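Asker: Based on the provided sequences and hints, a complete structural model is requested.
So in the numbering used here, spot 231 of the sequence shown is number 231, and the numbers just go up one at a time.
Keep in mind that the hints were calculated from the coordinates and are not lab data.
Being a predicted model, the structure only gives us computed values, none of them experimental.
Glycine included, each C-beta is placed from N, C-alpha and C at the ideal position.
One should not assume that every hint holds.
[To be verified] Beta-carbon label-pair distances, calculated as ranges: (1) Pro-313 with Ala-276: 16 to 22 Å; (2) Gly-338 with His-229: 33 to 39 Å; (3) Pro-8 with Ala-240: 29 to 35 Å; (4) Val-60 with Asp-166: 56 to 62 Å; (5) Asp-312 with Pro-89: 55 to 61 Å; (6) Asp-166 with Thr-55: 35 to 41 Å; (7) Ala-276 with Val-60: 46 to 52 Å; (8) Arg-209 with Pro-313: 33 to 39 Å; (9) Pro-37 with Pro-212: 39 to 45 Å.
[As the list claims (entries may be wrong)] Below, a list of computed lysine-lysine pairs in the DSS-like style, where the Cα atoms sit at most 25 Å apart: (10) Lys-118 with Lys-2; (11) Lys-66 with Lys-2; (12) Lys-118 with Lys-90; (13) Lys-66 with Lys-127; (14) Lys-197 with Lys-127; (15) Lys-58 with Lys-127; (16) Lys-2 with Lys-90; (17) Lys-197 with Lys-223.
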Amino acid sequence: MKLPRVVPSAEALPDLDQYSAIIDVRSQAEFAEDHIPGAINCPVLDNDERARVGTLYKQVSPFEAKKVGAALVAHNIARHIETQFLGHPKQWHPLIYCWRGGNRSGAMALVLSQIGWKADLVEGGYKAYRREVIEAMAPLSGRLRFIVLCGPTGSGKTRLLGALADAGAQVLDLEELAAHRGSVLGAHPHASQPSQKMFESRLWDALRRFDPARPVFVEAESKRVGRVHVPDPLMEAIRAGQCLRVETPMQVRVTLLLEEYQHFLADTTQLAEQLAYLAPLHGNKTIAQWLSLVEAGQAGQFVEAMLRSHYDPTYTRSMTRNFPAYGDALSVSITDAGQETFAAAAQGLHGGRQDIG
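Answerer: So this is what it looks like as structure tokens:
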């Protein structure tokens with residue numbers, strides 16, 4: 001009988017790219033909370049089935065639960081083979097895992113191995129993977145040199161990061177990974193934020209791929225990005241990095257923010273809900289004045305008022321407190337909102353024409 005190979009997580013995780021597929025056989029809810037980056041979800045017990053088997057286990061007996069569970073697992077494995085795996089060649093090499101690397105993943109891996117595919121099983125399952133993510137965050141962060149893009153809200157830091165990535169630089173985009181722009185108006189209009197565990201998985205996957213011999217560009221962020229937070233070892237490594245100040249005229253900043261926050265400016269109800277969080281800082285009268293500017297079609301004046309009254313003072317205090325190298329930062333100038341300007345700045349930084357990195 002051909003058996004699946006049980007691979008220690010420390011061996012499997014550094015070489016994830018060698019596998020033809022990474023298969024998470026846990027339920028949809030477990031998968032949605034977090035999973036190994038790049039994995040596909042092929043539940044051998046779906047959400048309702050898992051609850052049903054668990055209830056039988058507790059209220060009737062483990063034996064009755066295992067009988068029902070085995071029938072459901074067999075049915076689901078067959079369905080996955082028929083709908084997803086039949087077209088794969090004999091050389092197909094999947095990596096399979098469940099919660100602890102036990103019955104659910106073992107069943108799937110055994111069937112696939114019997115067919116003739118080389119199926120590997122993660123020893124310890126998701127729990128072992130999660131432990132690796134937590135333990136690896138400090139060494140992965142500590143081996144990298146970060147160049148931190150600093151500059152007040154609207155200065156174009158995120159666009160410059162994108163231009164740097166296009167130019168071939170190594171970029172860690174925390175806001176993209178967190179699906180949030182990091183401010184009171186930072187919620188993404190078309191995507192919900194990941195769980196904290198999923199955010200850490202995305203960070204782990206990005207950090208492990210960077211070349212330590214080359215700098216990594218990152219935007220200066222607070223520890224919290226929306227409802228998720230940057231792990232302490234990574235935050236400490238970023239704050240110890242070299243700072244680069246992005247200098248952008250106020251009118252250009254307003255233009256950039258008007259483009260980025262169109263969804264809020266088009267929905268004053270949603271905007272009012274978010275601005276209400278600032279009422280304890282600025283008072284209801286000021287919030288009402290800001291909203292009246294938007295309602296009167298004066299969105300540019302609203303953006304500038306928020307920048308001068310809220311974002312800029314807050315940002316200056318945060319940078320001075322959290323980034324020791326901020327006072328010695330070199331600068332890069334963004335003179336307009338055109339993509340060519342950001343591309344030229346990125347080429348200058350990545351190409352070595354600036355004395356940085």
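Asker: Kindly indicate which numbered hints from before are broken by the structure, ordering the numbers from low to high.
Answerer: 6, 9
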